[in-house]
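Whenever a hint applies, use it, and build me the whole structure from the sequences.
First to last, the protein sequences are chains U and V. The opening residue of the first sequence carries number 1 in my numbering; numbering runs sequentially from there. The opening residue of the second sequence carries number 1001 in my numbering; numbering runs sequentially from there.
Treat the hints with care, as some may be off.
[As the list claims (entries may be wrong)] Taking lysine-lysine pairs in the PhoX-like style, the calculated list, with each CA pair at most 25 Å apart, reads: (1) V:K1019 - U:K32; (2) V:K1028 - U:K179; (3) V:K1028 - U:K18.
Calculated directly from the structure, the hints in this document are not laboratory data.
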Amino acid sequence: MKVLVCMKQTPDTEASIKIAADGKGIEEQNIKWIMSPYDEYAVEEAIRIKEKQTGETVVVTVGTDRVVESMRTALAMGIDRGVHCVDPAFLGSDALATAKILASVIKTENPDVVLCGRQAIDLDQAQAPAYLAEILGWPQVYSVAKLELKGNAAVCNRRIEGGEEIVETSLPCVMTCDKGLNEPRYASLPGIMKAKKKEIKKWALAQTGLAETDVGTAGAKVKTLGYLPLPDRPPGKVFKEMETADMVKQVVKLLREEAKVI
Amino acid sequence: MFSLKITEEQRIAREMSRKFCAKEITPKADALEKGEEKIFPVIRKFLLEVQGTGLIETVEDLEEWVQGREFITRNLVSIEVSKALPGFALSMGASLELCSFSILATGSREQQEKYVLPLVHGEKVGCWGLTEPEAGSDIRAMKSTYKKTPDGYILNGQKTFITNAPIADIFVVYAQGEKGYSAFILERGMTGLDTSPPFEKMGMQSSPTGAIYMDQIKVPKENLLGQEGQGLFDAFRVLTNERTVTPSLMIGIMERALQEATKYAKERVQFGKPIIRFQAVQFLLARIWEKLLASYSMLFTLGQMTELGLDTTLLASAAKLFTSEAATQSALDAIQVMGGHGYMREAGVERLARDAKLMEIGAGASQIQLMILGRKLLESDSVEPNPLFFGPSLFAKKE
Ligand SMILES: Cc1cc2nc3c(=O)[nH]c(=O)nc-3n(C[C@H](O)[C@H](O)[C@H](O)COP(=O)(O)OP(=O)(O)OC[C@H]3O[C@@H](n4cnc5c(N)ncnc54)[C@H](O)[C@@H]3O)c2cc1C
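So this is what it looks like as structure tokens:
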């Protein structure tokens, strides 16, 4: 069984995000970058599949040189090798353009299963996997919380509102991994040392078979107009030095007239 | 080339240690301190999942692992652990850096296989007993004795203030006999071996400390550790190792103190502005950082000297002395910055001061480190003050 994981590097969940001066992105310096947490479930699941049935695991990432550290973390956890899609032409890719790049790798690699995270925690779009399945003409199962591979098919439990849905799909297919699927392992120190020697192949525009106009800003169907910070929360009001009953009256009045919630 | 340039592997290792701590230690820190949760299962998890010791199956693997452990990575990992919970680092250290280390340093192959493998896997808990009720700084005054018999030794005596003693499976202890001071490996279950319940103490409460009682213990001769009569020299080697690993423990405390106090100083408003705007507060914080940076420098120098095979005993003493005093002072200063809130348990900073204080006492009190340095000045005709010019390590492997 060959399992390929599409992984994205995102800012740390605890990073404080500042909008860049041009309003077109975020300030990338001085923030900590991590493997998107849902992608960790995908990495873990790939390793477990290999541990159970032998085969090969590959991690694929689109991004600048900075993403190599997260790829190396996946290798340290136990993934066999990596493909790093990097080319100035890829900059500014939207989810569709990214999926095109990933699909070009997948067509060459021919995995049985492609695992992605349910969504990347930065833009929360959850689009690339669906595009990917569409481009490849493969089935797609979204938000998998339990996965069982049986020969040429997979039985997946999907998280849905109020319960779980059980789906069977043929392989190859694209699946997105959700919380609960597994408990991702830590990259151990020996694993980290081993990862140093594992291959990370570069994959540029020339290898993708795509045109410059398919990817990057040129290929993006979605144009981001700008980013806005969350508005500052107005300061709270404190009532002091009055009788409790009067304070309650004031609060109720504000809730009714200003906040209009009651 | 002399380089401290951080590698990708070191970055990832630090991140993993941090991740482990955030998930497995910090949420339980209070329960571990109160004794509601046991420390060793968490240590075992750390050893297997972060240190990856499960892969060590043979003595050869063990040797390779010891050789392959790189100084900066090891310390980056420990600093994170100490930041999360110094008591965790202390107990893990007693099992690995004291008990295992002593067996690795002078033990036979059989002893390493039998005792060190389960210790590094976290299957067994180790402790290292040198101190006695009447022999602390004055270790030669130890009263524990051993007597040779045809098939081994008989041990009698008592050890106290021993980290992990109440929960240990494997004990390295020192006693006095015909040929001087010697070390022995004891196992829980040996007739005549007993331990006290954990003592109540000022800090490091997640790390159990207690006494070891030895009453006519029959120790088989293969449990003699190292050469008979060499015990104190071997113990000195273990103490040097302990003093070499202490700075990371203290750096963890200082970093935590600095971060907590800085964060609070930016949030806390008095006289209409965040208190970090007051220079008096900034200077308290800057002093912590200064000590932290100096501690890092000492640590890096120790690392370089260790890798070059230079004699680290004096610098290890100085580093242990400096970083432990710096950590206590930094934690107290962090409390000062945080005012009444800092004094409250809830803020988690007063614990750092209680924890840090231990290392001004353990592994040889500050006064003893000063004596080691002072004696060197007294006894040598001309002292080389620059550590990079020190001679070769006293403990270089004799093949
Ligand atoms: C939490 C904890 C964990 C410990 N874990 C271990 C362990 O795992 N294994 C182990 O073997 N030991 C352990 N110890 C013991 C520790 O190493 C000793 O406490 C330490 O060596 C000091 O000995 P003492 O307590 O007997 O103090 P003493 O030797 O009685 O010293 C008391 C005071 O007198 C000073 N003093 C003593 N002699 C001189 C001198 N010649 N000149 C100037 N001042 C002097 C000391 O500096 C100190 O301030 C632990 C202690 C604690 C508190």
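Against which earlier hints does the structure fall short, listed by number upward?
-> 3
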